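Student: Below are the chains, spelled out letter by letter.
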Amino acid sequence: MTGFIEFIRNNLELIYILILAIFIGVEVIKNIPAVLHTPLMSGANALSGVVIVGAILVMLNADPENYIALSLGFIAVVLGIINVVGGFAVTNRMLQMFKKKKK
Amino acid sequence: MNITLSIIYLIATVTFVIGLKLLGHPETAKKGNLIAASGMGLAIIGTIFLHELEVPGFVYILIGSAILIGAIIGWIISVKVAMTKMPELVSLFNGFGGASAALIGIVEFGSNAGDTTQIITIIAAIIIGSITFSGSMIAWAKLNGTMWKDIRLPKYNLINNVFFLGLLVFGAYIVWSSTDNNFIIYLLLLAALVYGILFVIPIGGADMPVVISLLNSLTGIAAAITGILYGNMVMLVGGILVGSAGLILTFAMCVAMNRSLTNVIFGAFGGDEVAGGPTGKTGGTVKKANPSDVAVMMNYSNKVVIVPGYGLAVAQAQHVIHELEELLTKRGIDVSYAIHPVAGRMPGHMNVLLAESNVDYDKLIDMDDINPQFKNTDVVLVVGANDVVNPAAHNDPSSPIYGMPILDVEDAKSIIINKRSMNPGYAGIENELFFNQKTSMLFGDAKATIQELLTELKGM
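Protein sequences appear in the order of chains C and U.
Residue numbers for the first sequence, in the working numbering: 170 to 272.
Residue numbers for the second sequence, in the working numbering: 543 to 1002.
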């Protein structure tokens, strides 16, 4: 229990940000037309690839002698960047089709 | 932390919020995607080049090559994939994100032993990341058709829940014991992977979009948790945004399918229980038609409504159906498309596919607007759709899709159903519409059959 209180005390700002971000996420997505569900899901999926930042940090912080950490980090970066690049590119491709028939 | 890097992260975070907001409107969606993507690029470049510790050159080369390899793979997949495969692809990419989070957790476990707060976040990242990874892979396999059967262990709900509790207890034990034993963390990883499989495997293929959306939301949470681990705001906010937005999207999809989330996860849909259900109603004779009959019917009608389903997408018939629609329109026949909210594999999927073949946007009519029009419709052509036109949703309380909003094609003067066979649809239930007096079945692959129909029509 003391650990829990300690955690809250040390991370109060973080907790505020966390809660506010939840509300922003909900508000931003509310009332989306069904037509956009698929591209939106794909776009949100690309955004979750932000985990790549953590993967890069793993490699930067790793002891250069620690080959296990470096290899796991390497795989994490590859997977994360596939998520980011593939996700944004495919969302763009989908949305391009919506645009085409406009003119 | 370097102040330039902090400002870069701040800018990236703002682009995520704006990008997501713009993605929600048809006119601005493309811009939103590009804005979010550039923010992401900025965050990645900043992380690499503004790192404050001294890092040996070969690590930079490793990071650079990892990014290059991944970016090329991601790019190639995204350019090559057929639009019909979109749900599978989102699932696959999502799984990669989850795996990345789990791997970060594994590495960080070694260097954070003893720090309770850090260990809690690490364990959460490993559990959520691995569940997302293995769950997404199963969802991918199911949508891809590699794994058709929904495997259900006896009492699978109970087993899954107990397994999940066990996983949490295991995680809590690792925190409590403050061990730095690497073996135990791999064991946790393995257990979480197994749970991800158990979680998705009993869920029917028709519900996969909901599951993918839910797993997508989980990846966001995993990213946010790793953000806490590093005190990194762009990861925290970006991850949470995806987490809450994904959850809202999941609920929106459930509403469109008239199902609750608990029902999707715990309810057996399209399973053996259902197949054994009442079939008395569905007996009877089926009327068959050939393309030339249908061509005649269409040629002398005033109003035709096309109901596209996933079968159309699989057969890649979206282009030929557009040709058919153009030909009929040229002959003065009123043609429109009836779009069920969950037509295809995901909400909005059918719109994407038809947009790909240049179908005029105004011709795609939503369910609520088209339903009153069926009364005045001479011919309804159902192509590769089944559950979304199944009247059991209205009049059979024992049916698993009872209560789901459907397209009321029954009201039309005549109904043509193009299907490959009499096999039931994704929900695995019979469709009494096939035995309706007004219905004619046009068996065959959607693309080939519509092509024949088109040729017949051109000759008239």
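Because the hints were derived from the structure by calculation, they are not lab data.
This structure is a prediction, so every number in the text was calculated from the model and none was measured.
Check before you lean on any hint, since a few could be wrong.
Unchecked claim - Here are the computed lysine-lysine pairs in the DSSO-like style, where the Cα-Cα straight-line distance is at most 27 Å:
hint, chain 1, residue 1, chain 2, residue 2
1, U, K830, C, K199
2, U, K627, U, K989
3, U, K955, U, K917
4, U, K627, U, K845
5, U, K905, U, K573
6, C, K199, U, K872
7, U, K829, U, K980
8, U, K697, U, K622
9, U, K989, U, K872
10, U, K830, U, K697
11, U, K1000, C, K199
12, C, K199, U, K572
As the list claims (entries may be wrong) - Derived DEER-like restraints, expressed as beta-carbon distance ranges:
hint, chain 1, residue 1, chain 2, residue 2, range
13, U, D953, C, L183, 51 to 59 Å
14, U, I726, C, L181, 40 to 48 Å
15, U, S802, C, E196, 53 to 61 Å
Yeah, the Cβ is synthetic: ideal placement off N, Cα and C, and Gly gets one too.
Student: All hints, please: hold or fail.
Tutor: Status of each hint after checking the structure:
1. Taken as a hint, the K830(U) and K199(C) pair is broken in the structure, with Cα atoms around 45 Å apart against an allowance of 27 Å.
2. Simply put, K627(U) and K989(U) have alpha-carbon atoms about 17 Å apart, close enough for the 27 Å limit, and the pair holds.
3. Pair hint K955(U) plus K917(U) holds up; C-alpha atoms about 7 Å apart against a cutoff of 27 Å.
4. About 32 Å separates the Cα atoms of K627(U) and K845(U), which puts this hinted pair outside 27 Å; it is violated.
5. Between K905(U) and K573(U) the alpha-carbon distance is near 25 Å, which keeps this suggested pair within the 27 Å criterion.
6. With a CA separation close to 40 Å, the supplied pair K199(C) and K872(U) exceeds the 27 Å bound.
7. Between K829(U) and K980(U) the alpha-carbon distance is near 9 Å, which keeps this suggested pair within the 27 Å criterion.
8. Among the hinted pairs, K697(U) with K622(U) is inconsistent with the structure: their alpha-carbon atoms are about 41 Å apart, more than 27 Å.
9. The hinted pair formed by K989(U) and K872(U) meets the criterion: a straight-line CA distance of about 21 Å does not exceed 27 Å.
10. Proximity of K830(U) to K697(U) is assessed by CA-CA distance (about 42 Å); at most 27 Å being required, the pair is judged violated.
11. Of the supplied pair hints, the one linking K1000(U) and K199(C) is violated, its CA atoms being roughly 46 Å apart against a limit of 27 Å.
12. At roughly 18 Å between alpha-carbon atoms, K199(C) and K572(U) fall within 27 Å of each other, so this suggested pair holds.
13. For D953(U) and L183(C), the hinted distance range of 51 to 59 Å is satisfied, since their beta carbons lie about 56 Å from each other.
14. Separated by about 32 Å at the C-beta atoms, I726(U) and L181(C) break the suggested range of 40 to 48 Å.
15. Between S802(U) and E196(C) the beta carbons are some 23 Å apart, a value that contradicts the proposed interval 53 to 61 Å.
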